[in-house]
Structure formats: structure tokens, C-alpha cells
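Colleague: Sequence:
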Amino acid sequence: FGSQVSVTLSIGEHETRTEVGVVPRYALGTWFKRQEQTGDMDSFEFVSAGKIIFGVGSSGRLGELVRKLNASKVLVVTGKGGWERFRGTFDALREHELELATFSVSREPTLEDVRDGAKHASGCDVVIGIGGGSAVDAAKAIAAVATNGGEPLEFCEVIGKGRPLENRPLPVIAMPTTAGTGSEVTKNAVVKSVQDERKVSIRSDDMIPTFAVVDPSLHVSTPRSVTAAAGMDALTQCIEPYISKKANAMVDVLSIKGIRLAAKSLRNAYRCPENVEARKDMAMAALLGGLSLANAKLGAVHGFAGVLGGMTDASHGAICAALLVPTFELNAQRVKQSWPEHYYRFEEVAAALTGNTTASVSEGIAWLKQLTSDLEISSLQKMGISEDRFDEIAEQSRKSSSMGGNPLELTNEELIIILSKAY
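Residue numbering for the sequence shown follows our numbering, beginning at 377 and increasing consecutively.
Hint data in this document are derived by calculation from the structure and do not stem from the laboratory. It cannot be assumed that every hint is accurate.
[Unchecked claim] Below, computed lysine-lysine pairings styled on DSBU-like, alpha-carbon distance capped at 35 Å:
no.	residue 1	residue 2
1	K456	K444
2	K775	K622
3	K444	K495
4	K797	K640
5	K427	K456
6	K797	K775
7	K495	K427
8	K758	K537
9	K537	K427
10	K712	K622
11	K758	K456
12	K745	K758
13	K712	K745
14	K712	K640
15	K622	K745
16	K745	K456
17	K797	K745
18	K456	K797
19	K622	K427
20	K712	K775
21	K427	K640
22	K745	K640
23	K537	K622
24	K621	K745
25	K449	K495
26	K456	K775
27	K712	K621
28	K622	K797
29	K427	K449
30	K621	K640
31	K537	K449
32	K621	K427
33	K456	K640
34	K621	K797
35	K745	K775
All figures in this text were calculated on a predicted structure; none of them were measured in a lab.
Please work from the sequences and hints to get the whole structure.
Modeller: Shown next as C-alpha cells:
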């Protein structure tokens with residue numbers, strides 16, 4: 377009646393197998409036919425971390441991995457309270473006779489944080505990022521600036537010169553403690569310019585971590601509000617690459633699996649924080665989202681997020697969560713009208729969300745609206761965004777690099793409609 381579909385990725389020494397599930401033979405044939413018709417089987421490149429280590433307890437291998445890099449001194453970058461929270465991990469590193477330098481970020485990293493962190497990295501052989509996406513992004517940016525010198529702003533997209541890295545960054549080991557950004561396997565680091573009120577990326581293939589260590593047991597202490605916001609970010613980062621105009625066959629398999637996992641387990645992780653199975657699903661969803669966005673780009677939700685993130689202290693995940701439903705809805709309407717051949721992707725997202733293979737896009741949107749309500753997601757208004765700035769936000773968001781992955785180019789008027797619905 378069907379075929380068990382799986383994909384095995386070999387990345388360096390690492391091999392990972394992801395089960396997509398039983399797919400009816402007629403559906404599998406339709407999928408490949410669609411890939412051929414839409415050009416999604418065209419050539420593409422795929423990048424990822426040098427090695428991915430996933431599983432409960434995998435954080436115990438940190439010392440071993442550092443030793444594989446022949447390091448004697450490491451910089452450990454954590455979030456607020458990270459030093460106390462992961463003291464056992466740091467003590468284990470010392471048992472490997474490693475000298476530790478530490479640096480903390482109390483929020484999403486700023487240009488000043490990256491500049492200061494690069495100074496702390498002096499004499500270090502490896503940078504370890506332990507914490508949420510902010511800590512991992514900070515570690516990646518610090519590792520890049522530490523070996524290239526100059527001001528962090530020079531390397532930034534949009535507001536900086538986008539200066540290419542001339543030297544390879546210090547090796548990075550990324551150990552996420554939230555299931556959200558997928559930064560452990562991406563080639564960019566998001567930093568905030570307080571002066572410009574913008575969040576932008578420093579980007580290079582060389583910034584992909586050497587090791588990504590994903591231990592779902594580290595996620596059980598994540599506060600419920602962070603679980604909700606980060607989880608919605610992970611879901612968004614699976615949906616946007618799947619509907620992106622830059623989607624490809626490899627990313628399709630990973631992102632649709634991530635959507636299914638998040639749809640299955642995000643509510644459970646939110647309601648029962650100590651549910652390790654739900655945490656495992658969400659950690660995998662975030663990982664698959666990171667792999668997907670690194671290889672197919674994102675879309676309007678993240679195009680907005682860089683701009684809005686510079687205007688408010690609300691987290692990146694919370695902003696994405698508020699924008700996901702109205703952005704998906706408007707994109708679906710536009711694609712149905714202007715690019716009907718691409719509309720099946722919205723239908724397949726709806727099917728993955730609802731678990732119903734015949735679900736309509738409107739049913740998928742209703743499902744997302746209910747999820748947003750269940751997770752108690754705040755509006756843009758409650759995040760302190762002023763309606764008077766919508767014109768400015770729309771204009772700046774259109775210039776964001778993530779907008780390049782949106783299925784269709786949206787007008788300022790359409791972007792303002794999305795903002796109004798998220799308000």
C-alpha cells in the first residue's frame with residue numbers, strides 16, 4: 377500500500393537517518409512528478425555542521441569533542457545564569473585539563489557583545505556556545521571576529537559592509553538548551569545594532585559549527601514562555617523553507633518532517649515541560665529547521681523579525697510567533713492567485729500540521745491560530761511596537777535578506793496588512 381521513506385545524510389564522519397514515514401505509492405509518485413515539474417529537482421548545495429551528535433545525554437561528550445580539536449584553552453559563551461546552570465558541564469571540562477575563559481550574554485547579542493567577546497577569545501583554540509540561540513549566535517560571531525579582526529559591524533549584512541571572512545573562525549561547538557533557532561547548524565549569527573535598531577546577520581559557510589551537540593535533556597528546565605516562543609520559531613523555520621521559492625528536494629524532506637514533529641509535540645512540551653519525548657521531538661524539529669533555513673532561505677516572517685527585533689526587547693521567537701499566522705495566510709492567498717503551481721506546498725503544510733492528508737489550507741491556518749492561542753502568544757502591540765511605525769517597518773523589512781526566500785515579493789501595503797493582523 378505504501379513505501380517507508382527515509383533519508384540518510386552523511387556529513388563528514390556523521391550519518392543520520394530520518395524517517396519520513398509511510399507514504400502511499402501514488403503520493404510518492406506525485407511528489408517526484410511535482411519536483412520535476414516545478415524545477416525543485418534542479419542542482420543545489422547543502423551545508424551543515426561538521427558533525428551532529430543528537431540524543432539524551434550527548435552533552436556528556438563535550439570534553440571528548442574539545443580534545444578532538446586539540447584544544448588547551450576554550451572560551452565558553454553562555455546566556456544569563458548559564459555558569460551556575462551548567463556548572464557540572466564546566467567542571468567536567470576542567471577534568472580534561474582544559475583552561476576555561478567565560479563570557480556571558482544576558483540578551484540577544486549586540487555588536488558590543490561580539491566585540492567584547494572577541495577580546496575574551498584571545499589565546500583560545502575553541503569557542504563553545506551553551507544556551508539558547510542567543511548564546512550560540514554570540515559564540516559563532518565571536519569566533520569569526522576573533523580571527524579576522526576589525527569591528528563586528530564591518531561583517532554585517534544590510535547595515536554594514538558585508539565584509540567576507542578572510543580567515544576561518546575559531547572552531548565552534550554549539551550546544552543548544554532551547555529548541556528554536558537551529559543556530560547549531562546554520563551559517564549565520566544574528567546580532568543587534570542598538571544604534572540602528574536592527575538585527576542583522578554575519579554570514580559565511582565557515583561559520584557553521586564544527587560540532588553540534590543536541591541533548592534534549594538540557595531543555596526540560598526551559599521556562600514555558602520560552603518553550604512557546606522558541607518552539608514557534610522552530611515551526612516557522614520549517615514552514616518558511618518548505619514554501620520558499622528557493623526550496624529544494626533535500627530541504628523538502630527535512631522541513632516537512634520538522635513541521636510534523638512540532639505539530640505533534642510543541643503543545644506537550646509547553647504543557648508538560650519535563651516530557652522528555654516531547655522535548656526530543658522539538659529538539660529535532662529545531663535542528664531540521666536550522667538545516668532547512670541554511671539551505672533554502674526563509675521568508676517574510678523572518679524578514680520582519682530582523683527589523684522588529686531592533687525595536688523591542690521581545691525575543692526573536694515571540695516576534696516570529698506573532699507573525700506566522702497572518703504571513704502564512706497572506707502568502708497562501710497571493711500564491712494561489714499568482715503562482716498556482718506552488719500552492720500545493722501550502723496544502724502539504726496544512727496536511728502536516730493537522731495530520732489530515734486532505735486538509736485544506738484554510739484548515740491549516742485555523743490549526744495554527746488555535747496553536748497560537750494555546751501557547752498564549754503575545755501580539756505586537758503587547759511587545760511595545762508602535763502602529764505609527766508600520767510604514768517604516770514595511771519599507772525596511774523589504775530590504776531584509778530573508779525576504780529573498782519568500783514565495784512571492786510582497787508590496788509595502790501587503791506587509792502592513794500582515795503587521796495589522798499581528799497587532
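Colleague: Taking the hints in turn, state whether each one holds.
Modeller: Hint check:
1. About 28 Å separates the Cα atoms of K456 and K444, which keeps this hinted pair within 35 Å; it holds.
2. Of the supplied pair hints, the one linking K775 and K622 holds, its CA atoms being roughly 17 Å apart against a limit of 35 Å.
3. As the CA atoms of K444 and K495 are separated by approximately 24 Å, the hinted pair is consistent with the 35 Å bound.
4. As the CA atoms of K797 and K640 are separated by approximately 26 Å, the hinted pair is consistent with the 35 Å bound.
5. A threshold of 35 Å between alpha carbons decides the hint, and for K427 with K456 the separation of about 27 Å falls inside it, so the pair holds.
6. For the proposed pair K797 and K775, the alpha carbon gap of about 21 Å is at most 35 Å, so the pair holds.
7. Straight-line distance between C-alpha atoms of K495 and K427 comes to about 27 Å, which keeps the hinted pair within the 35 Å bound.
8. Distance restraint check for K758 and K537: the Cα-Cα separation of roughly 34 Å lies within the 35 Å cut-off, and the hinted pair is therefore satisfied.
9. A distance of roughly 31 Å separates the Cα atoms of K537 and K427; the hinted pair therefore holds under the 35 Å criterion.
10. A threshold of 35 Å between alpha carbons decides the hint, and for K712 with K622 the separation of about 18 Å falls inside it, so the pair holds.
11. Note on K758 and K456: the hinted pairing holds, with a Cα-Cα distance of about 24 Å set against a maximum of 35 Å.
12. This hinted pair checks out: K745 and K758 have alpha carbons roughly 18 Å apart, not beyond 35 Å.
13. For the hint pairing K712 with K745, the CA-to-CA distance comes to about 20 Å; that is within 35 Å, so the pair holds.
14. Restraint check for K712 and K640: satisfied, since their Cα atoms lie roughly 27 Å apart, inside the 35 Å limit.
15. Between K622 and K745, the direct Cα distance comes to roughly 26 Å. Compliance with the 35 Å bound is thereby established for this hinted pair.
16. The hinted pair formed by K745 and K456 meets the criterion: a straight-line CA distance of about 32 Å does not exceed 35 Å.
17. A C-alpha spacing of about 12 Å is found between K797 and K745, which places the hinted pair at or below 35 Å, so the restraint holds.
18. With a C-alpha separation of about 33 Å, the suggested pairing of K456 with K797 holds against the 35 Å cut-off.
19. A distance of roughly 25 Å separates the Cα atoms of K622 and K427; the hinted pair therefore holds under the 35 Å criterion.
20. At roughly 24 Å between alpha-carbon atoms, K712 and K775 fall within 35 Å of each other, so this suggested pair holds.
21. Straight-line distance between C-alpha atoms of K427 and K640 comes to about 27 Å, which keeps the hinted pair within the 35 Å bound.
22. Between K745 and K640 the alpha-carbon distance is near 15 Å, which keeps this suggested pair within the 35 Å criterion.
23. Note on K537 and K622: the hinted pairing holds, with a Cα-Cα distance of about 25 Å set against a maximum of 35 Å.
24. With a C-alpha separation of about 24 Å, the suggested pairing of K621 with K745 holds against the 35 Å cut-off.
25. Straight-line distance between C-alpha atoms of K449 and K495 comes to about 14 Å, which keeps the hinted pair within the 35 Å bound.
26. Taking the CA atoms of K456 and K775, the gap is about 32 Å. The hint holds against a cut of 35 Å.
27. A threshold of 35 Å between alpha carbons decides the hint, and for K712 with K621 the separation of about 14 Å falls inside it, so the pair holds.
28. For the given pair, K622 sits about 26 Å from K797 by alpha-carbon distance, which is consistent with the 35 Å threshold.
29. Between K427 and K449, the direct Cα distance comes to roughly 21 Å. Compliance with the 35 Å bound is thereby established for this hinted pair.
30. Our distance criterion of 35 Å between C-alpha atoms is met by K621 and K640, whose separation comes to about 26 Å.
31. For the proposed pair K537 and K449, the alpha carbon gap of about 32 Å is at most 35 Å, so the pair holds.
32. Of the pairs offered as hints, the one joining K621 and K427 holds, with about 28 Å between alpha carbons and a cut-off of 35 Å not exceeded.
33. Only pairs whose Cα atoms come within 35 Å are accepted, and K456 paired with K640 is accepted, the gap being roughly 30 Å.
34. For the suggested pair K621 and K797, the alpha carbons sit about 24 Å apart, so the restraint of at most 35 Å is met.
35. As the CA atoms of K745 and K775 are separated by approximately 28 Å, the hinted pair is consistent with the 35 Å bound.
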